[in-house]
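J.: What follows is each chain in one-letter form.
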Amino acid sequence: MRITLRRHLPDIVQYSVLSLAAFLSVFPFIWMVIGATNTTSQIIRGKVTFGTALFDNIASFFAQVDVPLVFWNSVKIALVGTALTLLISSLAGYGFEMFRSKLRERVYTVILLTLMVPFAALMIPLFMLMGQAGLLNTHIAIMLPMIASAFIIFYFRQASKAFPTELRDAAKVDGLKEWQIFFYIYVPVMRSTYAAAFVIVFMLNWNNYLWPLIVLQSNDTKTITLVVSSLASAYSPEYGTVMIGTILATLPTLLVFFAMQRQFVQGMLGSVK
Amino acid sequence: MATTSRSSLKRYFDVNGWLFVAPAVALISLFMIYPIIRSLILSFYSGRGMMLKFSGSGNLVRLWNDPVFWKALENTVIFFIVQVPIMITMALILAAMLNNPKLRYSGLFRTMIFLPCVSSLVAYSILFKSMFSLDGVVNNTLLAMGIIGEPIGWLTDPFWAKVLIIIAITWRWTGYNMIFYLAALQNIDRSIYEAAKIDGVPSWGRFAFLTIPMLKPVILFTTITSTIGTLQLFDEVYNFTEGKGGPADSTLTLSLYIYNLTFRFMPSFGYAATVSYVIVLMVAVLSFLQFYAARERA
Chain W
1 MRITLRRHLP DIVQYSVLSL AAFLSVFPFI WMVIGATNTT SQIIRGKVTF GTALFDNIAS
61 FFAQVDVPLV FWNSVKIALV GTALTLLISS LAGYGFEMFR SKLRERVYTV ILLTLMVPFA
121 ALMIPLFMLM GQAGLLNTHI AIMLPMIASA FIIFYFRQAS KAFPTELRDA AKVDGLKEWQ
181 IFFYIYVPVM RSTYAAAFVI VFMLNWNNYL WPLIVLQSND TKTITLVVSS LASAYSPEYG
241 TVMIGTILAT LPTLLVFFAM QRQFVQGMLG SVK
Chain A
1 MATTSRSSLK RYFDVNGWLF VAPAVALISL FMIYPIIRSL ILSFYSGRGM MLKFSGSGNL
61 VRLWNDPVFW KALENTVIFF IVQVPIMITM ALILAAMLNN PKLRYSGLFR TMIFLPCVSS
121 LVAYSILFKS MFSLDGVVNN TLLAMGIIGE PIGWLTDPFW AKVLIIIAIT WRWTGYNMIF
181 YLAALQNIDR SIYEAAKIDG VPSWGRFAFL TIPMLKPVIL FTTITSTIGT LQLFDEVYNF
241 TEGKGGPADS TLTLSLYIYN LTFRFMPSFG YAATVSYVIV LMVAVLSFLQ FYAARERA
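Sequence order for the protein chains is W and A. The opening position of the first sequence corresponds to residue 1 in UniProt numbering, with each subsequent residue numbered one higher. The opening position of the second sequence corresponds to residue 1 in UniProt numbering, with each subsequent residue numbered one higher.
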């Protein structure tokens, strides 16, 4: 008996710790779904069973929020922003890895250093810049500062080290121009790198909060995150309604993550090597 | 003949190299480098809104005598000092457990623990705020388990409000850091462990003297990114406290203070820029120290 316990104790501890961590990680999501079926007073009193208020909550949310418009704003910013980020940043990552020169390495170092600058230090000049350009309250202003991401450039440069140089040399012998090599050979070969970057950048864009909070003032440009946040920051928030909003604000990133989970983990693995 | 073609070839590729990086370099110059410099210049000006006047070190004097700034700095430092070590340790332990090849359902555990970092910062802040209300689900559970005698005022008590922020960030980011450790652990050659095992090194010894040293670069990376993240803390505090950083400024962070100085109170861009440079300096110094410390021990 004692011998079996001693042998199994590490297992028991391990499974208990992991189960507890997994439960605590997932509980807020369960809470969100349960909450969507309860009334505000039931949520505040901590009711953990399903209720009957789901359709009232949905109706109330749709009555307060122009859901299609707000959702479309978020989707548009996230998708267009992500596509541009992947294009511009992967071009740069490829460029920095394939054509090295002393000056270009210096530029690259400066780009990496900008990773350390917190957004708070940029937001006032950025806000003034967008004001001067007449871009306040536009979605372009939200996307522009996100497109050239030092982190994604770094990520693509690291990943490019695994791109076989023989492919590039062979293509050059076949007379392909450098941009043709990039679009016809590099992009297809690095598919899973792009997939992982897509997950990361899509999440960053979708969840972006502080910058849209500053730039987007009118109701018809706001994103779902902003709208849900303002519903929740009322003096006494209607949590039942708000829960529908949090589900809508979380669902797209969850779907993207689950759809591309395998490539995403591979991409993360690649970035550490 | 041969030399000309080679040198023209070289120039051709060099132009190409610049063309590939040009769009990114242009955007970063305009939206990162320029604002950083502009911010530095702004920090020497004061005034309301766009009516700015050169004031030399005026903002620094104001900073020195501003109790709200010191409170925000203190809070930010507390969040950083308490939260980052807790999270890094937990992430390491979880990653080491998940790396055990005999563990069953490891993929499921991994996905579940990683899930929080897929959620939106705003959405989870709202969820936590509702879970931690006075007679909410967390207090109810703790009461039922007999851990606490009376409900905790997570949102109304200055001490517990800080604890709530720390719990929230830990929930959101532990799985994210764990994935980096897991990736690094899977790159370690298993035979090193086998050899140590044969030599009679116990499992905690293998963890402390083999795993940790080999993970040092990744630990450094996650510590620096977590440091930068904590020093920038905004979304959570803003959504927990309706933008106030309450109760009694106990959760006011530097980023929230900068936001309030710029967009909530009478706009003072110059002073806000000065406060933002405090964060820049802290990130730079802390990253340097962490880098230095990691190199020392190598």
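Possibly wrong hints are sitting among the right ones.
As the list claims (entries may be wrong) - No farther apart than 25 Å at their CA atoms in a straight line, the calculated lysine to any residue pairs in the SDA-like style are these:
#1 A:Lys102 / W:Arg262
#2 A:Lys244 / W:Ser218
#3 A:Lys102 / A:Ser203
#4 W:Lys47 / A:Ser203
FYI, nobody ran anything at the bench for these hints, they're computed from the structure. Model, not experiment: these values are computed from the prediction.
J.: Hint by hint, note whether the structure agrees.
T.: Verification of the supplied hints:
{"no.": "1", "hint": "A:Lys102 / W:Arg262", "in the structure": "holds, 21 Å"}
{"no.": "2", "hint": "A:Lys244 / W:Ser218", "in the structure": "holds, 22 Å"}
{"no.": "3", "hint": "A:Lys102 / A:Ser203", "in the structure": "holds, 15 Å"}
{"no.": "4", "hint": "W:Lys47 / A:Ser203", "in the structure": "violated, 43 Å"}
This entry does not satisfy hint 4, going by the numbered hints stated previously; all others are met.
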